[in-house]
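Peer 1: Here is what each chain is made of, one letter per residue.
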Amino acid sequence: MDTTSTTQSRKSSAREDRYQGHDYYQLDELLQEDHLLARDAVRTWVKQEVSPIIEDYANRAECPYHLFKGLAEIGAFGPSLPAEYGGGGMDEIAYGVIMQELERGDSGIRSMASVQGSLVMYPIYKFGSEEQRRKYLPKLGSGEFIGCFGLTEPDHGSNPAGMVTNIKDDGDHVILNGAKMWITNSPVADVAVVWAKDEEGIVRGVIVEKGMPGFTAPEIHGKWSLRASITGELVFEDVRVPKTNILPNVKGMKGPLSCLSKARYGIAWGVIGAALDCYDSALRYSLEREQFGRPIAGFQLTQKKLAEMITEITKAQLLTWRLGTLANAGKATPAQISMAKRNNVNMALEIAREARQIHGGMGITNEYPVMRHMMNLETVLTYEGTHDIHLLITGMDVTGINAFS
Amino acid sequence: MNVLVCVTKTPDTTAKIGFVEQNTRFDQNGVQFIMNPYDEWYALVRALELKEAQGGKVTLISVGLADCDQVIRKGLAIGADEAVRIDMDPADSFQVASEIAAYARSGEFDLIMTGKESIESNGSEVGAMIAELMDWPFLSYASKMEMVGSTATVDLEIEGGEETVQVNTPFVISAAKGLAEQRIPNMRGIMMAKTKPLQVLPGSGAAARSSIVGYSLPKEKASVHLVDPERMDELVRLLKEEAKVL
Ligand SMILES: Cc1cc2nc3c(=O)[nH]c(=O)nc-3n(C[C@H](O)[C@H](O)[C@H](O)COP(=O)(O)OP(=O)(O)OC[C@H]3O[C@@H](n4cnc5c(N)ncnc54)[C@H](O)[C@@H]3O)c2cc1C
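As you go down the protein sequences, you meet chains A and B in turn.
If you count the first sequence from 1, you need to add 23 to reach this note's numbering.
If you count the second sequence from 1, you need to add 2 to reach this note's numbering.
Incorrect hints may appear among the rest.
To be verified - Label-pair restraints from in silico Cβ distances:
#1 A/388 x B/167: 46 to 56 Å
#2 B/33 x A/233: 45 to 55 Å
#3 A/327 x B/83: 51 to 61 Å
#4 A/46 x B/180: 33 to 43 Å
#5 A/96 x B/14: 19 to 29 Å
#6 A/46 x B/221: 27 to 37 Å
#7 B/216 x A/48: 34 to 44 Å
#8 B/152 x A/107: 33 to 43 Å
#9 B/21 x A/314: 27 to 37 Å
#10 A/357 x B/219: 52 to 62 Å
Honestly, the hints are just simulated from the structure, not real lab data.
Values in this document were obtained by computation on a predicted structure and should not be read as measured data.
Even glycine gets a Cβ: it sits at the ideal position worked out from N, Cα and C.
Please model the complete structure; the sequences and the hints are all you need to start from.
Peer 2: Given below as C-alpha cells:
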C-alpha cells in the first residue's frame with residue numbers, strides 16, 4: 024500500500040498547545056495596546072504553565088494550587104483594582120481579556136482568578152474599611168492569601184436572599200452560625216467573605232479567617248465538572264468574629280450582587296476563551312483528519328458546524344466588547360451583564376458539544392481539550408446565576424414584572 | 003551599567019509567508035508580529051538582570067515604522083526603562099546598524115546587546131556591523147555572560163563546542179539561547195510601560211548598501227509515503243528513483 028498520510032498518531036498532536044486566537048471581524052483594532060499586551064502575556068503564561076499540566080490535574084480531580092502564585096505574579100487577581108491595593112490599575116476590557124485567556128486554558132483556573140479578584144478583593148476594596156483594605160488586599164493580590172466567597176447555602180442557591188446564615192451581637196464580636204455550600208477555593212482559603220443576616224435580617228459581609236474556632240471548610244468530592252478547581256462547604260458553629268471584620272460600607276443584597284456583577288462580567292468574556300479553544304482545536308482537527316479520502320473539513324456538515332461556531336464566537340466577542348466599553352464608562356447594568364453571561368456561556372457550551380463531535384472518538388479523550396471544556400461549562404452555566412435565572416432577569420428588565428417568585 | 007538593547011519585530015512563527023511587488027517585499031497583510039525571541043528572551047532579560055545587579059539603565063532601540071511600537075511597548079512592560087524608535091523603513095542590515103550606531107554614539111552606553119539573529123531572516127549581521135561602526139569588540143552567539151565590574155566573562159557558541167572569552171566594556175554582544183530565561187510581562191509592568199518614554203527620532207540619513215532582488219520560498223516538503231513492509235522492492239525503487247539516496 025502506498026498512501027499519503029497526514030493522520031496524527033494518538034500521542035503527537037495532543038500535548039503541544041497549538042492554540043491561536045481567532046478574530047474574524049478584526050476586533051483587535053478596537054483594543055488598546057495594553058489589552059493586546061495583557062492578552063499576549065496571559066496566553067504565553069497559560070501555554071507554559073497551564074496547558075502542559077491541566078489534563079492531568081483535571082483527570083485526577085486535583086487543584087493545581089501552585090498556580091495561585093503564578094496567577095498573582097502575572098497580575099490576574101483584581102487587575103482592574105487600583106495598584107496601591109494589590110490590583111493592576113487596568114480597565115474593564117483588560118480584565119475581560121485576561122479572563123478570556125485564562126478560561127481558554129481551563130474554566131477552573133479562570134474561576135480561581137474570578138473568585139480571588141471579583142468576589143474577595145473587590146468587596147473588600149469596595150465595601151471594606153481602610154484598615155481592612157490594607158490588611159487583606161496586598162496579601163490577596165500577591166497570592167499569599169487565598170480567598171473564597173460564601174453566598175450559596177444548601178437550601179438557598181438561586182434564591183440567596185433566603186439565606187439563614189446569621190450573626191448575633193456579642194459586644195465587640197459577632198457570633199456567626201450557618202453553612203455555605205459549593206464554595207470555590209473554600210478548603211484552601213485563608214479568608215472567606217461570608218454573607219450573613221444580622222438580627223434585623225439585613226445581609227452583611229463578614230471576613231472570616233481560617234483557624235477561627237468553630238469554622239471548618241470540608242471539601243466537596245465527586246464533581247464531573249471544574250475538576251481542577253477545589254470546591255467545598257463553609258461551616259460556622261458559634262464562630263466569634265471581631266466586629267472590625269464586618270464590611271462597614273454595605274448593607275443588604277446589594278453587597279453580594281455587585282460582586283456577582285463583576286464576576287459575571289468576567290465570565291461573559293472568559294467563556295469566549297473556552298469556545299475559541301474548542302473551535303481552534305476542531306478547525307485544526309477537521310483539516311488534518313481524513314475520511315473517505317479527504318479532510319473532514321471538506322464535508323458540508325462539518326463546515327456548517329465550523330461556520331456557525333465562528334459566527335457565534337464573533338457575535339459574543341462583539342457583545343462583550345460593547346459591554347466592556349459600557350463597564351469602563353460605569354454604565355453597564357446588571358441586566359446587561361446577565362444577558363451577556365447567559366448568551367455567552369450557552370454559546371460556549373454548544374460549541375464545545377459540536378467541537379466534540381468533530382473530533383469523533385478522539386473528542387471524548389483528554390488528548391484534546393474539548394470534553395474538559397464541555398464538562399467545565401456545565402458548572403459555568405449554573406454558577407453565578409443559572410442560565411434560567413439570567414433569562415428571568417432579562418424578562419423582568421424588559422417587562423417590569425418579577426417572574427421569580 | 004547602561005545597556006542599549008536592539009529589538010526588532012518578526013512575523014509570528016505560525017504566519018503564512020508570501021511576497022508582493024515581484025517577490026521583492028514580504029507580504030505583511032494579516033501577519034501577526036512578535037518581538038524577535040532572541041532579543042526578548044535573552045538579550046533584554048540579561049540586560050535587565052545586569053541592571054538589577056549593578057544599577058544603571060536599560061534602553062531599547064528599534065529601527066522601523068510605527069508598527070514596531072507594540073513590540074517596543076512589550077519590552078518596556080518586561081522592564082526596560084526607556085525606548086527609542088528610529089522612524090524609518092530600513093532597506094538592509096547596514097542601514098539598521100548605522101542608525102543604531104549613530105544613536106549609540108550620542109549616549110553613554112557600556113554595552114550594546116542584540117539577538118543572535120532575527121528569526122525571519124537569520125542574517126546575524128546587525129550586531130557585527132554595529133560593533134564595527136562603533137569600533138567596539140563583538141561577541142556573537144553568547145549563551146552565558148558573567149559581569150564583574152566592567153569585565154565580562156562570556157561563553158560563546160562555536161561550531162561543535164563552546165569558547166569562553168573575557169572582555170571589557172564597552173562591547174557589542176549577540177544573545178543566544180541560555181543567556182537568560184524568558185520573562186512574561188505582568189499587568190503592572192504593562193501599565194507602567196504606558197508612561198515610560200518612547201522617543202521617536204528621524205533617521206540620520208545613512209544609506210543602505212544592498213537591495214533585495216527577490217525572495218523565493220523553499221521547496222515544499224514532499225508528503226510521507228508509507229510503503230507496505232512486504233514490498234521491499236518498491237522501497238528500494240523509491241529510495242533510488244525518487245529520494246535518490248541509493
Ligand atoms: C463548581 C461550583 C462552584 C461554585 N462556587 C460558588 C462560590 O464560590 N460561591 C458561592 O456562593 N456559590 C458558588 N456556587 C453555587 C452556585 O452559584 C449555585 O449552584 C447556583 O446559584 C444555583 O444554585 P443551586 O445549585 O442551589 O440550584 P437551585 O437554585 O436549586 O436551582 C435548580 C434549578 O432550578 C431552577 N430555578 C430555581 N429558581 C427558579 C425560578 N424562580 N424560576 C425558574 N427556575 C428556577 C434553576 O435555574 C436550576 O435550573 C458554585 C457552584 C458550583 C457547581
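Peer 1: Check each numbered hint against the structure and report the violated ones by number, ascending.
Peer 2: Per hint list: zero violations.
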